[in-house]
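Participant: Below, each chain spelled out in residue letters.
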Amino acid sequence: MGSFSIFPPRASSTAGEVDALYGFLLLVGIGMTLLIFFFVFLFAIKYRRKDPEDKPKAIHGSIPLEIAWSVIPFLIMLVMFAWGTKLYFQNYTPPLKDTLDIYVTGKQWMWKVQYPGGQREINELHVPVGRAVKLTLASEDVIHSFYIPAFRLKHDVVPGSYQTYWFEPTKSGRYHIFCAEYCGTNHSRMIGWVTVMEPDRYQEWLSGGVQGESMADKGEKVFEQYGCVNCHVLDQQGRCPSLRNVFGKPVQLEDGRTVLADEAYIRESILNPNAKIVKGYHRDVMPVFQGQIAEEPLLQLIVYIKSLSAK
Amino acid sequence: MIAQPELKHHFDDAGQQLESSTLGMWIFLATEIMFFGGMFCSYTIYRSAFPEAFASTSHFMNVTAGALNTGVLICSSLTMALAVRAAQIGQKKALIWLLILTLTLGCVFLGIKGMEYHEKWVEHHVPGPSFHYEEAQYAQNAEILFFLYFAMTGVHAVHMIVGVGLLITLIIMASRNRFSAAWYTPVDMIGLYWHFVDIVWIFLFPLLYLIGHTK
Amino acid sequence: MSTTLLAVQKNYLNADYGWKSWLFTTDHKRIALLYLFSITAFFFVGGAFAVGMRLNLLSPNGLFGHDTYNKLFTMHGIIMVFFFLVPSIPATLGNFLIPIMIGARDLAFPRINLLSWYIYIGGGILALSAIVRGGVDTGWTFYAPFSSTYSNTHVILAALGVFIAGFSSILTGLNFIVTIHTMRCPGMTWFRLPLFVWGHYATAIIQVLGTPVLAITIFLLGLERLLRAGIFDPSLGGDPVLFQHLFWFYSHPAVYIMILPGMAVINELIACFSRKAIFGYSFVAFSSVAIAVLGFLVWGHHLFVAGQSMYASMVFSFISFLVAVPSAIKVFNWTATMYQGSISYDTPMLYAFGFIGLFTIGGLTGLFLATMAIDVHVTDTYFVIAHFHYVMVGGMVMAYLGGIHFWFPKITGRLYPEAWAKFAALIIFVGFNLTFFPQFILGYLGMPRRYATYADEFHTLNVMSTAGASILGIGYLIPMIYLTWAWRHGPISPQNPWHAKGLEWEQAPTPPPTFNFIEPPVVTEPAYNYAEES
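Residue numbers (my numbering), protein chains in the order written: chain E, 1 to 311; chain A, 1001 to 1215; chain X, 2001 to 2534.
Just so you know, these hints were derived from the structure itself, not from any lab.
Each hint should be verified, as a subset may be incorrect.
Taking lysine-lysine pairs in the DSSO-like style, the calculated list, with each CA pair at most 27 angstroms apart, reads [as the list claims (entries may be wrong)]:
#1 E:K276 / E:K221
#2 X:K2422 / E:K55
#3 X:K2422 / E:K50
#4 E:K46 / X:K2010
#5 X:K2422 / A:K1008
#6 A:K1008 / X:K2010
Among the chain A residues that face chain X by a calculated CB cut under 8 angstroms, a handful are [as the list claims (entries may be wrong)]:
#7 S1020
#8 F1035
#9 L1082
#10 P1127
#11 N1141
Glycine is no exception: its CB is placed at the ideal position from the N, C-alpha and C atoms.
So here's chain E without its partners, still in its complex pose (with noise of 0.2 angstroms):
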């Protein structure tokens, strides 16, 4: 069998954060097994029924000893606590900028992992070490999660908006990519690999597929097929804000809201234009296109927007 752990690989810059959380609870946990395990044991043996006649005395109750066991117990609750929530800030605020993006689609029930110079693989995602690495996450029917147990990460993918997954590997190797949101029929086996490499043997692997477009490049000819150049480009009424530096800014809105233009915010703009209007601009002018889009060209869309604001 080989050496038996009960930790998975650790694989992630956080991998060792939560087994050393989860040290701490084992610690607690453990701990406080012991101690009523010890307890019980001892009163059980000790106080163990000598006469049937017995009769001892009450005890009612003790004020300090309520307090004390309440009090402490929640103390270290909250050391729990506050270590918990700031380590899953931590692993779900992705960094704001020097991110490697890939795009994953999940769907019953295969993992569709594109990347944004183009390569597309299934089941598959290759990422390199020390660079912190940015999913976007879609699903195309149903809620599945994206989960790797080696980084100690899980995401939920739901249909309808873009959810975020973030890490950075820190040493090479294959690890288990599973769904762990049930989705039907072959839900155990959506899984998959990822393969960390060393940062230049990933240059090659990423230069060493089949050259193909980019993201951008497909984004830019479903922003084409579907006539948005005709409005953000080509149109000089202004009837459509441009779409140039657009992307990563805060926008104003008509409602006086100002917002981020993230991945969500872009493509709940093209399927749902009057959820949020840009000041000086009207409602009712883009087309909804709700239902025409289908998860995989909505993200070569972003990324093609993406590259509108020159770096």
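Got chain E; can you put chains A and X on it based on the hints?
Facilitator: What follows is chains A and X alone, placed relative to chain E:
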């Protein structure tokens, strides 16, 4: 013949029995609040997500029918309260007539509701394969609103129908001299139920019919 | 009174004969037995599905095929949660004992009590027909849009069964709340009540306020399946996460519906078999109510990875830790009760020991799940499965068995064979731990739940778990056999074989007559007055 308080064997006295019935009915009404609450919650969430679509649907609601129904139910609550009062002072004839009046008003409500549902069916506003909405850009979200409309008013109507059945039972019991000033608990309890069903409608009406009618 | 005289005296069992006297009874004790038989039947149906699951999991490549496995775990969950755990203790022991414990002749609404059983059976028949007609494969959690749009199985039928069974739970809760408020006998003040009653009161509050939300959620789901309007379907503008919020708003409090009655039983067992009043009575009483209230505020901890706002998740995490405190208070108070007590090792006490140990482990692992960064790794894995089986099976079912053994003489007028009972308790304890402890490890290693086939490295632990399950299964069969035997052939029980305190042991005959007491009781002493203070 004067009816005696009907003391069930497991109660010690009439006071305990009445206290139990009253507490039981209030708890039941609390469960009903939670039951309708889930739908009100869903409505609130979708309305705040799609305000214009929801406002546009209210233009297709028959506000006249809804307002009429509101008036009908409020009147029926009045007649019900008067019926409870009549029972309290042992006036059998007044009790029966007021119950009949309440029942009639309840049936009027259901009739108007049925007419509205038919209207919706003809207009293709019933969610499902035959749904079609005039303002195309709101169609999807409008279908959700109409879904909630039928779910909420439908569940409400089911409660009204049950209420009508309960009123018929009360009328039969009253005409058989089962009630007296000493014991009229079922009238009291069903009165509470009826008022509750009325109050639910008071919330449904503005939320479903009146949004968007501010201009 | 001589014991043989007691056995032939008129009691609720021999008061009347014939199927009509049972199916149209309004006696809370007979209704409790009607529930006991039906709940036991459902337990074995749900257990059969579990056997199928564990057999399938013996091999990484599965045994039955994916669709069949998906139906097995769905129906195991639906039957066990809605038709076994939720009604179990309240509808059997609660129904039987609460009126007697408070000195009443019956519950406040005996006919509604009977109605609740018929509603339960109606819901059960619908659920069983969904199974017989081919099953459901959505998981007991019915997540949309899979259940509303994609599943091709009998979702509406199964959901209808659950919907209807929910009303049974609501009516039971309503009955208990009113009964406890209005029908306590003279001298039975709130703080003289057995903690069994407090626990059921807290449970009833949840049943009454939480279950209607499940009802409406299932109703909307069923309607959506019929009309496809899009309320939970994002391709039609709906929000699938809304379903999760609505569903868990009930289903989290539901787990407290399932555990509070178990804790309620444990109070009685520990007090009797330590021959001491429960330490910290008022703290234990209030902690039941605290769990009921706080339990309504934590549902979002099921949505930490679902796309819920991080700030909302933080609040839910904090309150989830908070709700652990009253449970911990109970465990400490039970342990303290044993201090300087007079402990006997009768079977009910063995189950109580098992409960304390296994509930402690189960409850502590709940803290792991409340810790957000850990939950991200272990949610939707076998860690969660191990957690809830520890509290539900290691906790609740052990408490149920302990209670059934404790009150067996009161219910049947006979004694069960103690040696066999102890043996079975041991088998169950060993089998349980062997089944579920490996699952904690499997979970952290990354094995997701609801998997019909799994990665090779999870093989050994799965085999261990299945081995444990076979032992556990045998353990559950043994009491079925000897309890059934003892009902007809066991030795006649004396009035109070355990020398326990409480109206049900001291004032109501064994077994009780239809109206519970010979003379109406009046209470003058505190609960658990083993030291006989005045």
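Participant: With reference to the structure, classify each hint as holding or not holding.
Facilitator: We went through each hint and held it up to the structure:
Between K276 (chain E) and K221 (chain E) the alpha-carbon distance is near 25 angstroms, which keeps this suggested pair within the 27 angstroms criterion. For a cut-off of 27 angstroms, the pair hint linking K2422 (chain X) to K55 (chain E) stands: about 25 angstroms separates their Cα positions. The hinted pair formed by K2422 (chain X) and K50 (chain E) meets the criterion: a straight-line CA distance of about 20 angstroms does not exceed 27 angstroms. At roughly 43 angstroms between alpha-carbon atoms, K46 (chain E) and K2010 (chain X) are farther apart than 27 angstroms, so this suggested pair is violated.
Of the pairs offered as hints, the one joining K2422 (chain X) and K1008 (chain A) is violated, with about 44 angstroms between alpha carbons and a cut-off of 27 angstroms exceeded. Between K1008 (chain A) and K2010 (chain X) the alpha-carbon distance is near 22 angstroms, which keeps this suggested pair within the 27 angstroms criterion. Annotation: interface hint on S1020 (chain A) holds; nearest CB of chain X at approximately 4 angstroms, less than 8 angstroms. The beta carbon of F1035 (chain A) comes within 4 angstroms of a beta carbon in chain X, closer than 8 angstroms, and the hint placing it at the interface holds.
Violation of the interface hint for L1082 (chain A) is found here, the shortest Cβ-Cβ separation to chain X being roughly 28 angstroms, above the 8 angstroms cut-off. This hint holds: P1127 (chain A) has a C-beta 4 angstroms from the nearest C-beta of chain X, less than the 8 angstroms allowed. Of the supplied interface hints, the one on N1141 (chain A) holds, with its beta-carbon coming within about 5 angstroms of a beta-carbon of chain X, less than 8 angstroms.
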